[in-house]
Amino acid sequence: MTLMEINAGDTAWVLVSAALVFLMTPGLAFFYGGMVRVKSVLNMMMMSAITIGVVTVLWVVVGYSLTFGGDNGGVIGNFSVAGLKGLIAPDAVSGTIPTLAYVGFQLMFAIITPALISGAIADRASFRGWIVFVALWTSLVYFPVAHSVWYLDGEGGGGFIGTGIKAIDFAGGTAVHVNAGAAALALAIVLGKRVGWRKDPMRPHSLPLVVLGAGLLWFGWFGFNAGSALTAGTTAAVTFVNTQCATAAAVIGWLIVERIRHGKATTLGMASGAVAGLVAITPACGALTPVGSLILGVVAGGICAFAVSLKYKLGFDDSLDVVGVHLVGGLVGSLAIGFLGTAAAPSAVDGLFYGGGAGQLGRQALANVIVGVYSFVVAFILAKLIDLTIGFRIKEDDEVTGIDQLEHAESAYDFLAAGSGLRGPATVVRTPAPAAPVDDAPEKDASEKEGANA
Amino acid sequence: MKLITAVVKPHKLEDVRTALETFGVTGMTVTEASGYGRQKGHTEVYRGAEYEVDLVPKVRLEVVIEDGDASDVLDVIVKAAQTGKIGDGKVWVTPVETIVRVRTGEVDGDAL
Chain D
1 MTLMEINAGD TAWVLVSAAL VFLMTPGLAF FYGGMVRVKS VLNMMMMSAI
51 TIGVVTVLWV VVGYSLTFGG DNGGVIGNFS VAGLKGLIAP DAVSGTIPTL
101 AYVGFQLMFA IITPALISGA IADRASFRGW IVFVALWTSL VYFPVAHSVW
151 YLDGEGGGGF IGTGIKAIDF AGGTAVHVNA GAAALALAIV LGKRVGWRKD
201 PMRPHSLPLV VLGAGLLWFG WFGFNAGSAL TAGTTAAVTF VNTQCATAAA
251 VIGWLIVERI RHGKATTLGM ASGAVAGLVA ITPACGALTP VGSLILGVVA
301 GGICAFAVSL KYKLGFDDSL DVVGVHLVGG LVGSLAIGFL GTAAAPSAVD
351 GLFYGGGAGQ LGRQALANVI VGVYSFVVAF ILAKLIDLTI GFRIKEDDEV
401 TGIDQLEHAE SAYDFLAAGS GLRGPATVVR TPAPAAPVDD APEKDASEKE
451 GANA
Chain A
1 MKLITAVVKP HKLEDVRTAL ETFGVTGMTV TEASGYGRQK GHTEVYRGAE
51 YEVDLVPKVR LEVVIEDGDA SDVLDVIVKA AQTGKIGDGK VWVTPVETIV
101 RVRTGEVDGD AL
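Chain order of the listed sequences is D and A.
Letter by letter, the first sequence follows residues 1 to 454 in this note's numbering.
Letter by letter, the second sequence follows residues 1 to 112 in this note's numbering.
Honestly, the hints are just simulated from the structure, not real lab data.
All C-beta atoms in this analysis are idealised placements derived from N, C-alpha and C, irrespective of residue type, glycine included.
Some hints could be false.
[Claimed, not checked] Covered stretches of chain A, going by a simulated chain D footprint (3 or more residues, C-beta under 8 angstroms):
| no. | stretch |
| --- | --- |
| 1 | 24 to 38 |
| 2 | 48 to 57 |
[Unchecked claim] Below are the DSSO-like pairs computed for lysine-lysine, each with C-alpha atoms no more than 30 angstroms apart in a straight line:
| no. | chain 1 | residue 1 | chain 2 | residue 2 |
| --- | --- | --- | --- | --- |
| 3 | A | LYS40 | D | LYS199 |
| 4 | D | LYS384 | D | LYS199 |
| 5 | D | LYS193 | D | LYS313 |
| 6 | A | LYS40 | D | LYS39 |
| 7 | D | LYS384 | D | LYS193 |
| 8 | D | LYS199 | D | LYS39 |
| 9 | D | LYS313 | D | LYS395 |
| 10 | A | LYS40 | A | LYS79 |
| 11 | D | LYS39 | D | LYS193 |
| 12 | A | LYS79 | D | LYS264 |
| 13 | D | LYS85 | D | LYS199 |
| 14 | A | LYS40 | D | LYS313 |
| 15 | D | LYS264 | D | LYS199 |
| 16 | A | LYS2 | A | LYS85 |
| 17 | A | LYS9 | A | LYS79 |
| 18 | A | LYS2 | D | LYS264 |
| 19 | D | LYS39 | A | LYS9 |
| 20 | A | LYS9 | D | LYS264 |
With the rest of the complex left out, here is chain D:
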């Protein structure tokens, strides 16, 4: 490879896309943060934020290498580029972009995937338990799954899901959303229900924050999907437009279901429908036409609006509906390739409706079952181990008081300043004593000093 092969347009697009995908994690923090109660909004946001720290470090040290460095049996990479060894050299090129651009772009996917899981265990997970879970799950589940789905060895081989089963996952419906959704289900079961679930009101404390978060997610998702083309060309344009089509239609799909079932089209339903549409189009954005995307969107929005009720029927407290939106939405989008896929789109596969037979549908289903089951089982075991050792669920008293105070010694909003006076010398802001010599104005100086130390 030589410098000549780097394309400036492609590189610019992938770097910008990486930044867009990064923005999705703060967006997710707002989306989730607005949906929890006042007493746990900071913890909810911190659960997203800490994945930026933990996963970035992991990714640089071993993560990228285990995901995209070489291949062992189609399931995992190796340590050949651990520490990103050699990747800052000018001849480290992947396709038409510097390999480091790809490293940065894929890092953002690795960050947001575990962050998605956190919505299932709002209000009740110990922060250190969560950090340990993120590190272990990302290493044991995300890296091998992303490798299996996306790694190509350049000779037509690579990860067993992408090149063996030949399931299509353009930007992460399987590797990100089904993967995270299945882990979320495992965690919701292991940690158990929130205190007062189905009895106490647990309304979202700020729908404007939810809308802000959904907006940032939507914006960033263009990088997620269209950036996954890895070139600034037709494929990026198709996936960009498909992303918009499916998301807009999913908003309508969710609101129609809501209007029929509950009589009102709600703001939370609008934001949720948008995210459901984004999730669903993620695997399929390279396989569908824009009209196909509209159909997928409206169907996915409608199905997810029903799916969020599953937790009440099945009795698990998936606090913010990670299962209903991400697991179900990812599955719908992934299976839709088997129906709505067209050879005219960049992924070049005909689905059932385009005369392609049921083969692709079967491949999509198989890939998602494998990833879903693997993620669920490993997440379940990890959560149990963490719970038995350092503890994963906080105490009932602390949960009732509020996890923000317990874990972060903060509260999000200052509703009432009364009763929150400064305490102890360490917290007093001291005013510096005047510089004038003591002899010049002894009385004034003494009083000011006294005041300053009061």
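Using the hints provided, position chain A relative to the given structure of chain D.
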């Protein structure tokens, strides 16, 4: 003297205040309040989960006036706060034994 307490819809506060000022009432105490009457709040839906919200926001307004003004002030408040829809609120009158202006020590009528 009488204490008139009115619990009204928050958006009617300004109308009531203006009407009372026009009538000649010079001061009042306003508190944010919440509660419910016959209408029993309302229902909200979040991703299909329905919540009964019993307590709805209101403002509580208090004025102390001379005995002879009570029925007029009552009228002024009711007229200004009325929308004709459910949840308009309540106004009630209670006797006041004595009242003192803190700044001057003036008592009863002089303190109003």
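Going through the hints against the structure:
For a cut-off of 8 angstroms, the count of residues in the stretch 24 to 38 of chain A with a CB near a CB of chain D stands at 0, and the three-residue condition is violated. Given a C-beta distance limit of less than 8 angstroms, the hint that chain D covers the stretch 48 to 57 of chain A holds, as 4 residues qualify and 3 suffice. Between A/LYS40 and D/LYS199, the direct Cα distance comes to roughly 19 angstroms. Compliance with the 30 angstroms bound is thereby established for this hinted pair. A distance of roughly 27 angstroms separates the Cα atoms of D/LYS384 and D/LYS199; the hinted pair therefore holds under the 30 angstroms criterion.
Between the alpha carbons of D/LYS193 and D/LYS313 the distance comes to roughly 14 angstroms, so the proposed pair stays at or under 30 angstroms and holds. For the hint pairing A/LYS40 with D/LYS39, the CA-to-CA distance comes to about 27 angstroms; that is within 30 angstroms, so the pair holds. Only pairs whose Cα atoms come within 30 angstroms are accepted, and D/LYS384 paired with D/LYS193 is accepted, the gap being roughly 15 angstroms. Taken as a hint, the D/LYS199 and D/LYS39 pair is honoured in the structure, with Cα atoms around 17 angstroms apart against an allowance of 30 angstroms.
With a C-alpha separation of about 26 angstroms, the suggested pairing of D/LYS313 with D/LYS395 holds against the 30 angstroms cut-off. Only pairs whose Cα atoms come within 30 angstroms are accepted, and A/LYS40 paired with A/LYS79 is accepted, the gap being roughly 23 angstroms. As the CA atoms of D/LYS39 and D/LYS193 are separated by approximately 17 angstroms, the hinted pair is consistent with the 30 angstroms bound. For the suggested pair A/LYS79 and D/LYS264, the alpha carbons sit about 33 angstroms apart, so the restraint of at most 30 angstroms is broken.
For the hint pairing D/LYS85 with D/LYS199, the CA-to-CA distance comes to about 54 angstroms; that exceeds 30 angstroms, so the pair is violated. About 29 angstroms separates the Cα atoms of A/LYS40 and D/LYS313, which keeps this hinted pair within 30 angstroms; it holds. As the CA atoms of D/LYS264 and D/LYS199 are separated by approximately 23 angstroms, the hinted pair is consistent with the 30 angstroms bound. A threshold of 30 angstroms between alpha carbons decides the hint, and for A/LYS2 with A/LYS85 the separation of about 28 angstroms falls inside it, so the pair holds.
Of the pairs offered as hints, the one joining A/LYS9 and A/LYS79 holds, with about 13 angstroms between alpha carbons and a cut-off of 30 angstroms not exceeded. At roughly 46 angstroms between alpha-carbon atoms, A/LYS2 and D/LYS264 are farther apart than 30 angstroms, so this suggested pair is violated. A threshold of 30 angstroms between alpha carbons decides the hint, and for D/LYS39 with A/LYS9 the separation of about 29 angstroms falls inside it, so the pair holds. This hinted pair checks out: A/LYS9 and D/LYS264 have alpha carbons roughly 24 angstroms apart, not beyond 30 angstroms.
Comparing the model with each earlier hint shows violations of hints 1, 12, 13 and 18; every other hint is respected.
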